[in-house]
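Here the UniProt record's numbering is used: position 158 in the sequence shown is 158, and no number is missing along the way.
There may be inaccurate statements among the hints.
Calculated cross-link-like contacts (lysine-lysine; reagent style PhoX-like; alpha-carbon spacing at most 25 Å) [unchecked claim]:
1. Lys113 with Lys127
2. Lys200 with Lys113
3. Lys211 with Lys172
4. Lys203 with Lys118
5. Lys172 with Lys113
6. Lys203 with Lys113
7. Lys200 with Lys211
8. Lys115 with Lys127
9. Lys181 with Lys113
10. Lys211 with Lys115
FRET-style restraints, in silico, Cβ to Cβ [to be verified]:
11. Arg52 with Pro3: 35 to 43 Å
12. Thr161 with Tyr59: 31 to 39 Å
13. Gly56 with Glu79: 34 to 42 Å
None of these hints come from the bench; they were simulated from the model.
Computed from a predicted model, the values in this text were never measured in an experiment.
We put the beta carbon where it would ideally sit given N, CA and C, even for glycine.
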Amino acid sequence: MMPWLSRLWRTLATAFCFAMFGIGGALIALLVSPLLLLLVRNRQQRQGLGKRLVSGAMYAFIVLMRVTGVMSYRIHNIEWLQQPGQLILANHPSLIDTIFLIAFAHNADCIVKGKLLKNPFTRGPIKLAGYIANSTPEQIIEAAGESFRRGNNLILFPEGTRTVAGQPVVLKRGAANIAIKTATDIRPVLIRCEPAALTKEIKWYQVPARKVCMTLDVQPLLSVSQYINSDNPSMAARTLTRDLEHFFNAAVYTAPSGATAAVQANIALQHVK
1 MMPWLSRLWR
11 TLATAFCFAM
21 FGIGGALIAL
31 LVSPLLLLLV
41 RNRQQRQGLG
51 KRLVSGAMYA
61 FIVLMRVTGV
71 MSYRIHNIEW
81 LQQPGQLILA
91 NHPSLIDTIF
101 LIAFAHNADC
111 IVKGKLLKNP
121 FTRGPIKLAG
131 YIANSTPEQI
141 IEAAGESFRR
151 GNNLILFPEG
161 TRTVAGQPVV
171 LKRGAANIAI
181 KTATDIRPVL
191 IRCEPAALTK
201 EIKWYQVPAR
211 KVCMTLDVQP
221 LLSVSQYINS
231 DNPSMAARTL
241 TRDLEHFFNA
251 AVYTAPSGAT
261 AAVQANIALQ
271 HVK
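Given these sequences and hints, build the entire structure.
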């Protein structure tokens, strides 16, 4: 296919895929959520079903993007995303990072922005799955702890927003506070989107010259035990945040996909065997 024709096709296919995403979200809000609310009275069971349904819907969206030629993807160590009770931290280069993590991580919870609860296309799936609303730090930590006790995984982008291309990764302390105060080890995920697409600077219709490939490199667990035992929790959270920044910056900008041993040797974090 000629380059310009390929690009036109991927632009139209991208529009189609996102239209289907919006329609799917509206159907969940209007039909599926009310139906589950009537049929499943137990809240935890209903949210568990909701998580599996939303995960399946996200996977279907990924398949749609792959089949239509919008993108391809690779996931290294996918089985590590399927272990229970993890704090999954990832860099955030593109708009669809969350979709991939929800699709492939088992029983995934997310911390979502309040404005998404007002969006008719996202409110339904969020309420159905029982995702955690971004409220006060204390409420978030309490909700995260409860999620871990149920064996759920919690997905969080510690930058708080999408990465600006070419800029170093700067993390907020919320992720470190959750890890330390809930005594939960961290599962890092390195995400690459090549060529760049759906970033903060690139709109959905600005399709790159070649097909996008998403790569998710799931890393070994990082222990937080040395930070939990600190006499100064605030300082421990700052130190953990700094160490995680070093990890993500070194891995994202210097290490090739799948090669992280040298990076991990240079940060003050211990692997859980």
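Hint check results:
| no. | hint | result |
| --- | --- | --- |
| 1 | Lys113 with Lys127 | holds (13 Å) |
| 2 | Lys200 with Lys113 | holds (16 Å) |
| 3 | Lys211 with Lys172 | violated (32 Å) |
| 4 | Lys203 with Lys118 | holds (22 Å) |
| 5 | Lys172 with Lys113 | holds (15 Å) |
| 6 | Lys203 with Lys113 | holds (20 Å) |
| 7 | Lys200 with Lys211 | holds (19 Å) |
| 8 | Lys115 with Lys127 | holds (13 Å) |
| 9 | Lys181 with Lys113 | holds (22 Å) |
| 10 | Lys211 with Lys115 | violated (31 Å) |
| 11 | Arg52 with Pro3: 35 to 43 Å | holds (40 Å) |
| 12 | Thr161 with Tyr59: 31 to 39 Å | violated (25 Å) |
| 13 | Gly56 with Glu79: 34 to 42 Å | violated (19 Å) |
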